[in-house]
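Residue numbers (the numbering used here), protein chains in the order written: chain A, 1 to 423; chain B, 1 to 423.
Note that these hints are calculated values from the structure, not bench results.
Treat each hint with caution, since some may be false.
For the chain B half of the interface with chain A, some residues (derived, Cβ under 8 Å), not all of them [stated by the list, open to error]:
1) Phe-71
2) Ile-72
3) Arg-74
4) Ser-367
5) Val-370
6) His-372
7) His-398
Just so it is clear, CB atoms sit at the ideal spot from N, CA and C, and this is done for glycine as well.
Number of protein chains: 2
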Amino acid sequence: MNVNISNRELMQTIGAAARTAARHLALATSDQKNQALNAMAAKIRRSAADILSENARDLENARARDLKPSFIDRLTLNEARIEAMAAGLEEIAALPDPVGQTIAEWARPNGLRFARVRVPIGVIGIIYESRPNVTADAGGLCLKSGNAAILRGGSDSFHSSSAIIACLQRGLDAAGLPRTAIQMVPNADRDCVGLMLEGLDGAIDLIVPRGGKSLVARVQADARVPVFSHLEGICHVYVDKAADTEMACKIVLNAKMRRTGVCGSAETILIDRAGAASHLKPVIRTLIDAGCEVRGDAETQAADPRVKAATEADWPTEYLDAIVAMRVVDGVDEAMAHIARYGSQHTDAIVTADQSTADRFLKEVDSAIVLHNASTQFADGGEFGFGAEIGIATGKMHARGPVGVEQLTTFKYQVRGNGQTRP
Amino acid sequence: MNVNISNRELMQTIGAAARTAARHLALATSDQKNQALNAMAAKIRRSAADILSENARDLENARARDLKPSFIDRLTLNEARIEAMAAGLEEIAALPDPVGQTIAEWARPNGLRFARVRVPIGVIGIIYESRPNVTADAGGLCLKSGNAAILRGGSDSFHSSSAIIACLQRGLDAAGLPRTAIQMVPNADRDCVGLMLEGLDGAIDLIVPRGGKSLVARVQADARVPVFSHLEGICHVYVDKAADTEMACKIVLNAKMRRTGVCGSAETILIDRAGAASHLKPVIRTLIDAGCEVRGDAETQAADPRVKAATEADWPTEYLDAIVAMRVVDGVDEAMAHIARYGSQHTDAIVTADQSTADRFLKEVDSAIVLHNASTQFADGGEFGFGAEIGIATGKMHARGPVGVEQLTTFKYQVRGNGQTRP
């Protein structure tokens with residue numbers, strides 16, 4: 001890669017400082033980390049006016065560049081969003097500390113005692129876009145799990161993120177932890193992202209991208225270190241013949257329409273042909289009444305004249321909008337075949353009163369999260385009880401599904417003996 | 001990458017067949033998989049004469065090419081090694097099936113019930129060198145963990161591996177499982193390795209290299225999919241001032257000399273200065289009496305005239321031979337600093353009667369395996385009680401330490417509800 005030399009030096013300095021900080025953090029006590037998190041929250045509350053005025057600078061630049069309203073919305077901070085950031089840090093402080101937990105313990109006939117113990121991963125690079133609150137969330141989750149963080153936010157939120165980082169570093173100070181435990185890349189050159197994806201000569205252990213599909217795709221394509229991410233959430237709800245119609249309508253509506261822009265929102269509804277006579281019309285009506293566009297195969301179109309025609313391009317599409325694809329299938333087998341072909345191994349749900357059909361679906365669908373009689377929008381670390389998440393992963397290594405503090409750790413084996421040698 | 005078109009087509013066909021087989025295997029019962037493993041073992045025993053005659057062809061080629069005796073030894077099969085392969089498959093059959101195990105279960109206040117359940121990873125590519133027995137070990141471990149395997153052995157062991165693969169595929173047949181569950185790349189072009197490292201268009205989920213440092217280094221540098229591996233095992237034994245001298249000598253001797261060519265053999269001995277008066281001479285004498293060359297710093301040399309001078313190049317060296325580096329350090333802190341600087345995060349041991357010093361070492365040394373009062377040569381899946389291992393991993397993602405059948409699985413979340421929607 002062709003990189004500006006001063007950027008390379010800058011990033012190497014950041015990487016080396018993060019590695020040193022990570023060794024400190026791995027040995028920090030829970031009290032120290034929680035003290036830092038609570039001090040960060042307090043500092044953010046006290047600095048609300050400063051943060052808002054820095055955010056105003058970012059917003060002014062964004063408006064001058066005529067960016068889209070949805071972009072401006074993600075960039076915008078207000079009193080409530082600042083309070084949510086502070087409260088989020090306090091919630092992370094209240095979570096159990098995963099570091100040092102014993103995951104498994106056993107002994108061998110020769111007297112050796114084995115323990116598998118959680119330890120931090122090391123240095124985590126977070127690459128994100130315009131949401132300034134990712135700065136606090138990601139920094140807090142990395143700290144709690146004992147990892148040093150290198151944050152590289154979008155240039156559009158630079159002033160806001162800098163003001164937030166200053167609060168986080170004051171919190172680290174207050175607890176006697178190194179400020180370099182949470183660093184921000186102080187420069188918007190895209191070079192710096194490339195260097196992070198190469199791992200900064202072994203200084204970065206893991207990359208977490210937070211943003212749209214093009215950001216995640218670039219990270220997945222170029223990263224030379226492990227990445228926790230999902231490219232897209234093409235989530236399905238399969239309505240089995242043995243579904244209760246009312247429950248099916250309620251779950252489909254929530255899975256699609258509660259929030260259409262989140263990765264756990266449903267994009268395709270599959271209706272069992274054997275139950276179509278009772279389920280198809282009510283499900284379509286529920287969605288259309290709620291303002292959702294329905295694109296269906298011939299049978300779906302035949303059930304309601306308001307349904308538009310779906311094409312092959314609809315099945316692998318993540319709309320992230322009030323649009324849904326719908327198809328009639330021959331039972332759970334064809335539903336699972338459809339999901340295997342078009343899904344993204346993120347989150348898929350079945351609605352049925354038949355326990356054995358549900359068990360087959362939960363066993364056989366190869367997605368990170370599979371649900372029975374519940375909405376796909378439960379794909380969220382908070383809803384899982386993880387307290388907070390840095391994102392959702394669809395890869396098969398290490399973390400799958402919501403990535404909370406526990407998933408930001410790895411483990412080591414501690415072996416205790418009394419002089420054993422191997423025969 | 002510039003690749004011969006027919007090789008690309010060949011590998012795509014193998015990849016697609018493996019992906020289809022993986023879907024079958026994920027749903028295979030434990031009985032079916034164990035039946036296949038036992039049938040494989042029986043077939044290998046019955047085919048011993050065939051396997052030996054194919055091995056003789058490989059050996060003839062190797063001798064004609066004047067390859068090193070150590071290489072010829074790794075390539076050589078005999079009755080005992082064939083029996084060990086068969087017995088190994090039966091041992092894998094006897095292990096508990098990790099697939100379908102519930103790792104964690106919990107419920108949320110809204111009534112949703114969560115289960116984290118083990119599932120296979122999918123398709124695993126194994127790239128190895130001359131040892132033909134890797135064919136049976138790796139094939140068996142992948143099958144037990146529900147994964148399809150694509151095996152690419154060295155060209156030098158091609159005939160031996162082909163004869164073994166034929167036995168494995170007969171075992172799959174006997175249990176009604178697809179032969180494509182364990183495939184061998186039928187061609188020695190290096191192209192094929194490159195294509196595997198690229199992941200065969202998403203058909204390969206994980207690569208496991210089995211072989212020397214240059215093979216592992218190439219795989220780590222070029223792989224675009226996750227890799228379970230260790231580049232080298234620069235393992236340390238630290239002899240604390242509070243060590244029992246006799247135990248220290250016994251552990252150091254075993255850690256270095258039991259087998260010098262394995263990754264868990266010790267390469268550097270660190271002696272606490274405060275205990276050097278009693279420990280240094282006996283430890284050196286024990287090693288030299290056993291035929292080990294000792295290379296030491298000035299203090300080590302002063303203790304015994306037979307010690308050669310160590311240079312800076314010795315500390316990061318994996319000898320894999322009857323040579324050891326030795327250094328006197330200022331207590332556990334300097335020992336841990338040395339390990340952090342020169343170690344490979346593989347396996348490190350402390351010998352001490354002081355519990356709190358041992359606890360610090362086990363907590364603070366950032367290696368996959370840390371031992372107290374036991375030999376580093378216990379770094380082995382069998383010794384951990386994992387039954388069998390496909391290798392040892394030093395990465396921080398997913399698998400660390402010995403990689404057995406459990407480490408060849410991932411998990412999914414199964415969520416059971418009764419109509420819950422997200423507010």
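The hints, checked one at a time:
1. Interface hint status for Phe-71(B): violated, as the beta-carbon distance to the closest one in chain A is roughly 26 Å, over 8 Å.
2. Against a cut-off of 8 Å between C-beta atoms, the interface hint on Ile-72(B) is violated, since the closest Cβ of chain A lies about 27 Å away.
3. Among the interface hints, the one on Arg-74(B) is violated; its C-beta lies about 21 Å from the nearest C-beta in chain A, farther than the 8 Å criterion.
4. A least Cβ separation of about 7 Å between Ser-367(B) and chain A falls short of the 8 Å threshold, and the interface hint therefore holds.
5. For Val-370(B), the shortest C-beta to C-beta distance to chain A is roughly 6 Å, which falls under 8 Å, so the interface hint holds.
6. Checking His-372(B) against chain A: minimum C-beta separation of about 5 Å stays under 8 Å; hint holds.
7. For His-398(B), the suggested interface contact is upheld, since its CB lies about 4 Å from the closest CB of chain A, less than 8 Å.
Of the numbered hints stated above, those contradicted by the structure are hints 1, 2, 3, listed in ascending order.
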